[in-house]
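Colleague: With chain A held as given, fit chain B onto it using these hints.
2 protein chains.
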Amino acid sequence: MSHASNMPCQSNPELLTELFNLLQPHLAELDDFLKKQIGSFEEEIRDHVAYCIDTSGKRIRPSLIFFSGWAGDKIVSERLVKLAAVIETVHLATLVHDDIMDEADIRRNRPTVAKIHGNSTAVLLGDALFSHAVYLATQFPTSEVSERVAIAMRNVCTGEILQTMQRGDPDISLATYRRIIDLKTAELFQVACFLGARLADRPEDYVQAVGKFGRHLGIAYQIYDDLTDLIGSEEKIGKTLGTDIATGKPTLPIILLREKLDDEEEARLRQTLSGECDADIDFWLSKLSETGVVSNVREAIFQEIEKARGSLAPFSGSRDVELLHTLSELLWNQVDALQSHRVTV
Amino acid sequence: MSHASNMPCQSNPELLTELFNLLQPHLAELDDFLKKQIGSFEEEIRDHVAYCIDTSGKRIRPSLIFFSGWAGDKIVSERLVKLAAVIETVHLATLVHDDIMDEADIRRNRPTVAKIHGNSTAVLLGDALFSHAVYLATQFPTSEVSERVAIAMRNVCTGEILQTMQRGDPDISLATYRRIIDLKTAELFQVACFLGARLADRPEDYVQAVGKFGRHLGIAYQIYDDLTDLIGSEEKIGKTLGTDIATGKPTLPIILLREKLDDEEEARLRQTLSGECDADIDFWLSKLSETGVVSNVREAIFQEIEKARGSLAPFSGSRDVELLHTLSELLWNQVDALQSHRVTV
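Heads up: the protein sequence lines correspond to chains A and B, in order.
Positions 120 to 464 (this note's numbering) are the ones given, in order, by the first sequence.
Positions 120 to 464 (this note's numbering) are the ones given, in order, by the second sequence.
Honestly, I wouldn't trust all of these hints.
No farther apart than 30 Å at their CA atoms in a straight line, the calculated lysine-lysine pairs in the BS3-like style are these [said to hold, decoys possible]:
1) A:Lys426 to A:Lys177
2) B:Lys177 to A:Lys234
3) B:Lys201 to A:Lys201
4) B:Lys177 to B:Lys234
5) B:Lys193 to B:Lys331
6) B:Lys331 to A:Lys234
7) B:Lys154 to B:Lys201
8) A:Lys201 to A:Lys177
9) A:Lys379 to A:Lys426
10) B:Lys234 to A:Lys368
11) A:Lys193 to A:Lys234
12) B:Lys177 to B:Lys201
No lab work stands behind these hints, which were simulated from the structure alone.
So here's chain A without its partners, still in its complex pose (with noise of 0.2 Å):
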């Protein structure tokens, strides 16, 4: 708790409110602009992508994108909006074929594509979307748009595929995970704050430092996303916990927990996550909390998060530095609020 003990330590929704609407008027532009895209695609499978672009989100990486370049509190950068639309599409596209990888019947309370249209339909809907996200990034008057966004979906898909090639691995390294997370859901990060700092017109090296918070803001997420899996956090309220140690994904929580089971307990821990025993959620929520293994992991998203606002340490005074720590001070107070709901067996 070292470093929580310097910063705000209650959720904040004085803070999500205040965010919320400096952002409102940027993300009402562009759910209308992404909705504007519905009709570039065939008549036939307009419903699809409608359904796709839901406005549901919670549009992390376009409040990056807007906070990086932030072009005033009133003043919606159309450009911005544009490049949000890039970065958001490719992530539904991701989102698509995740659905379909995990076999999910339900995102946001609603059935998947894959659930409602079969795989076939649902691989194809998601590289429709990638294709027209990649058109929208090639009608910037430069290539780099469309260059950096290019490069991010490969990497996406890379640290997705190094996943999968762990899957059921019980001795996956701290190094391979986190190159995993930082390939599947940091790279996303970086590239948004990178490119938003870059269409507003902003000093190189600023442009390079928001990038680099993003990266790190992005792997401190998902580690907390990670996280949330075993320990109910407000918004997965209602779901089941532990589905990654169930279909033998390991996370920050299970790497760590491994160095502190006696043999026998990871002998099981092994099985489970090799899918030849059952998973006893349970017995591991409460192995991770008696051993101190959730404290050692929101330890190592602040560290993360402390990192991200260390690279922006040379530009603070800027509004677009202080909304970004905002948005980083959100992500902090969920971590330190998942304290409350720390589980008990």
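Modeller: Structure of chain B alone, referenced to chain A:
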């Protein structure tokens, strides 16, 4: 047979050899270029990528590119090699995804990626190939390449979605069938020719005309490909015939046959396509033959090839046009040769 009588009617191995010899240095450079791309992917997935970028394909789209902007009989254009790599990689990515949808175990005499690594990895690997193709496209000085490639990719996927939606529908119209093959196949042929000529700095009217050539040739090629699912061609010997009927995919032969059946036979066709009864392939093959539908389909292909050639008529005399004409002659001869393999039950 009205058109065929004006044209060379024999399969011509000399023609194939001549074109192959001309293309060989270009295709060798393309293979080298594609192999070099493997190093751009993360180490763990390089073997997967190498498996996808195999060198046994027909390389039709690259051939169209090289001929559309022919640099000279001994001159290999670096730009066209790079463009060929972009288009071929997009094509290879679609094959990886196609094999998931078709639940295909074998392609080009090897197990499919989906068969070896599972559907999840195949989805992601296709995505990574798409992304890398786009990245290569962004390396051209203008955004026209990446823009056109992105649109073509979206259209290819859309065509495949429409095809998936029509699967099992015995009432598919001729117009819908043509629209599907235009999107899923002709689009990439069109963009290959268009950009091949563009990157070779050809005049605008030729660039447009060669794009049209590609589109018509693509339609001809897809109808031919669909026909060979029913009539054994040299390439397809040893392959199971009639898989399209058996899996409810209505193609031109089936659409034309539908009009020529009595009520009882039509009901049987409907049940077959919708999967209500098993496909009696021998019955349908003999029906196709005795009703003259095979000849009608061949005629439709010849007409498309003539349209393709017609769009290049104003430019006849140039080496580009001569080579594209020869390529279309190869397809013509292959279609013509199908006659001698006409099915007898």
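Colleague: All hints are to be evaluated individually against the structure, with a verdict given for each.
Modeller: Right, here's what the structure says about each hint:
Annotation: proposed proximity of Lys426 of chain A to Lys177 of chain A holds, straight-line Cα distance about 23 Å (limit 30 Å). Distance check on the hinted pair: Lys177 of chain B and Lys234 of chain A sit about 36 Å apart at the alpha-carbon level, beyond 30 Å; violated. Only pairs whose Cα atoms come within 30 Å are accepted, and Lys201 of chain B paired with Lys201 of chain A is accepted, the gap being roughly 29 Å. With a CA separation close to 22 Å, the supplied pair Lys177 of chain B and Lys234 of chain B stays within the 30 Å bound.
The suggested pairing of Lys193 of chain B with Lys331 of chain B holds, with an alpha-carbon distance near 27 Å, which does not exceed 30 Å. Note on Lys331 of chain B and Lys234 of chain A: the hinted pairing is violated, with a Cα-Cα distance of about 39 Å set against a maximum of 30 Å. Proximity of Lys154 of chain B to Lys201 of chain B is assessed by CA-CA distance (about 12 Å); at most 30 Å being required, the pair is judged to hold. Simply put, Lys201 of chain A and Lys177 of chain A have alpha-carbon atoms about 17 Å apart, close enough for the 30 Å limit, and the pair holds.
Restraint check for Lys379 of chain A and Lys426 of chain A: satisfied, since their Cα atoms lie roughly 27 Å apart, inside the 30 Å limit. At most 30 Å may separate the alpha-carbon atoms for a hinted pair to count; Lys234 of chain B and Lys368 of chain A meet this at roughly 22 Å. For a cut-off of 30 Å, the pair hint linking Lys193 of chain A to Lys234 of chain A is broken: about 41 Å separates their Cα positions. At most 30 Å may separate the alpha-carbon atoms for a hinted pair to count; Lys177 of chain B and Lys201 of chain B meet this at roughly 17 Å.
Going down the numbered hints, you'll see the structure goes against 2, 6 and 11, while the others check out.
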